[in-house]
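Chemist: Model the full structure from these sequences, guided by the hints.
Here the protein sequences line up with chains A and B, keeping their order. Sequential numbering of the first sequence, starting at 3, is according to our numbering. Sequential numbering of the second sequence, starting at 720, is according to our numbering.
Please note that the accuracy of each hint is not assured.
[Stated by the list, open to error] Straight-line C-alpha distance at most 25 Å; calculated DSS-like pairs for lysine-lysine:
id	chain 1	residue 1	chain 2	residue 2
1	A	K98	A	K55
2	A	K98	B	K778
3	A	K43	B	K761
4	A	K11	B	K761
5	B	K761	A	K40
6	B	K761	A	K24
7	A	K11	B	K822
8	A	K42	B	K761
9	B	K822	B	K797
10	B	K822	A	K40
11	A	K98	B	K797
12	B	K776	A	K98
13	A	K43	B	K822
14	A	K98	B	K777
[As the list claims (entries may be wrong)] To give an idea of the chain B side of the interface with chain A (calculated C-beta under 8 Å), a few residues:
id	residue
15	K761
16	P763
17	A765
18	V768
19	L808
20	A817
21	F820
22	K822
Source of the hints: derived by calculation from the structure; they are not laboratory data. Just so it is clear, the structure is predicted and the values come from calculations on it, not from any experiment. Built from N, CA and C at the ideal position, the CB exists for glycine as well.
Residues per chain, in single letters:
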Amino acid sequence: DTEVTQTPKHLVMGMTNKKSLKCEQHMGHRAMYWYKQKAKKPPELMFVYSYEKLSINESVPSRFSPECPNSSLLNLHLHALQPEDSALYLCAAGLKENTEAFFGQGTRLTVV
Amino acid sequence: ILNVEQSPQSLHVQEGDSTNFTCSFPSSNFYALHWYRWETAKSPEALFVMTLNGDEKKKGRISATLNTKEGYSYLYIKGSQPEDSATYLCAFNQAGTALIFGKGTTLSVSS
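Modeler: Right under this line is the structure:
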């Protein structure tokens, strides 16, 4: 069982849709991450939030918009995505930025 | 660009075999090396976090070693079981940076 919960588990969206991915943790961890993982490749860092402030944005296109409304919740807002954005999106939480991270099960996103 | 290399990419062993994988990472400004176990349809599970040169960690039949001066870590599995089948991810970070992952080693254990 993971203490990081991601919803939805699966999402299919059109290129003109707006959707959001949600990540929730109640471990009191103050670092939260979004990673993107495509088949047969390692997870790639997208964003890092530290104490609810965006601390790292790995040059991610603006069609991905992260939001951290409180210390337990991390959202990823999606708009005008491309088919190549189809991937597994993993959320993780850690005590602070450079400690071990606990992962959610991911959201499998398909853009059609 | 920080790069983490893992080898082999995949491995198939028989039940009872012992095996090991390698993770190579930049040795400069080292902070921590992490090993994760990732089973299909589950989330990556942290196995070990190592920070000191010469660190050795053990959890059951799985152990890991760390050499920060030459930039490598080994993960060992003794007496592999079918339930050990998974992808083993290595991740590295420098002080103040988030985890950078390798591509993983996929282990398949046949009974």
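Chemist: For each hint, tell me whether it holds in the structure or not.
Modeler: Here is what the structure says about each hint:
1. Restraint check for K98/A and K55/A: the C-alpha separation of about 12 Å stays at or below 25 Å, so the hint holds.
2. For the given pair, K98/A sits about 24 Å from K778/B by alpha-carbon distance, which is consistent with the 25 Å threshold.
3. For the proposed pair K43/A and K761/B, the alpha carbon gap of about 16 Å is at most 25 Å, so the pair holds.
4. A C-alpha spacing of about 11 Å is found between K11/A and K761/B, which places the hinted pair at or below 25 Å, so the restraint holds.
5. Taking the CA atoms of K761/B and K40/A, the gap is about 15 Å. The hint holds against a cut of 25 Å.
6. About 17 Å separates the Cα atoms of K761/B and K24/A, which keeps this hinted pair within 25 Å; it holds.
7. Note on K11/A and K822/B: the hinted pairing holds, with a Cα-Cα distance of about 23 Å set against a maximum of 25 Å.
8. At roughly 16 Å between alpha-carbon atoms, K42/A and K761/B fall within 25 Å of each other, so this suggested pair holds.
9. Of the supplied pair hints, the one linking K822/B and K797/B holds, its CA atoms being roughly 22 Å apart against a limit of 25 Å.
10. Taking the CA atoms of K822/B and K40/A, the gap is about 11 Å. The hint holds against a cut of 25 Å.
11. A hinted pair counts as satisfied when its Cα atoms are at most 25 Å apart, and K98/A with K797/B does not qualify at roughly 33 Å.
12. A distance of roughly 22 Å separates the Cα atoms of K776/B and K98/A; the hinted pair therefore holds under the 25 Å criterion.
13. Distance hint between K43/A and K822/B is fulfilled; the C-alpha atoms sit about 5 Å from each other, no more than 25 Å.
14. For the hint linking K98/A to K777/B, the alpha-carbon distance of about 24 Å falls within 25 Å, and the restraint holds.
15. For K761/B, the interface hint holds, the least distance from its beta-carbon to any beta-carbon of chain A being 6 Å, beneath 8 Å.
16. With its C-beta approaching chain A no nearer than about 5 Å, P763/B sits inside the 8 Å limit, and its interface hint holds.
17. Restraint check, A765/B versus chain A: the minimum CB separation of about 5 Å is within 8 Å; hint holds.
18. Taking 8 Å as the C-beta cut-off, the interface hint given for V768/B holds, the closest approach to chain A being about 5 Å.
19. Proximity of L808/B to chain A holds as hinted, the smallest CB-CB distance being about 7 Å (cut-off 8 Å).
20. With a least beta-carbon distance of about 5 Å to chain A, the hint placing A817/B at the interface is held under the 8 Å criterion.
21. For F820/B, the interface hint holds, the least distance from its beta-carbon to any beta-carbon of chain A being 4 Å, beneath 8 Å.
22. With its C-beta approaching chain A no nearer than about 5 Å, K822/B sits inside the 8 Å limit, and its interface hint holds.
The structure fails hint 11 only (numbered hints given earlier).
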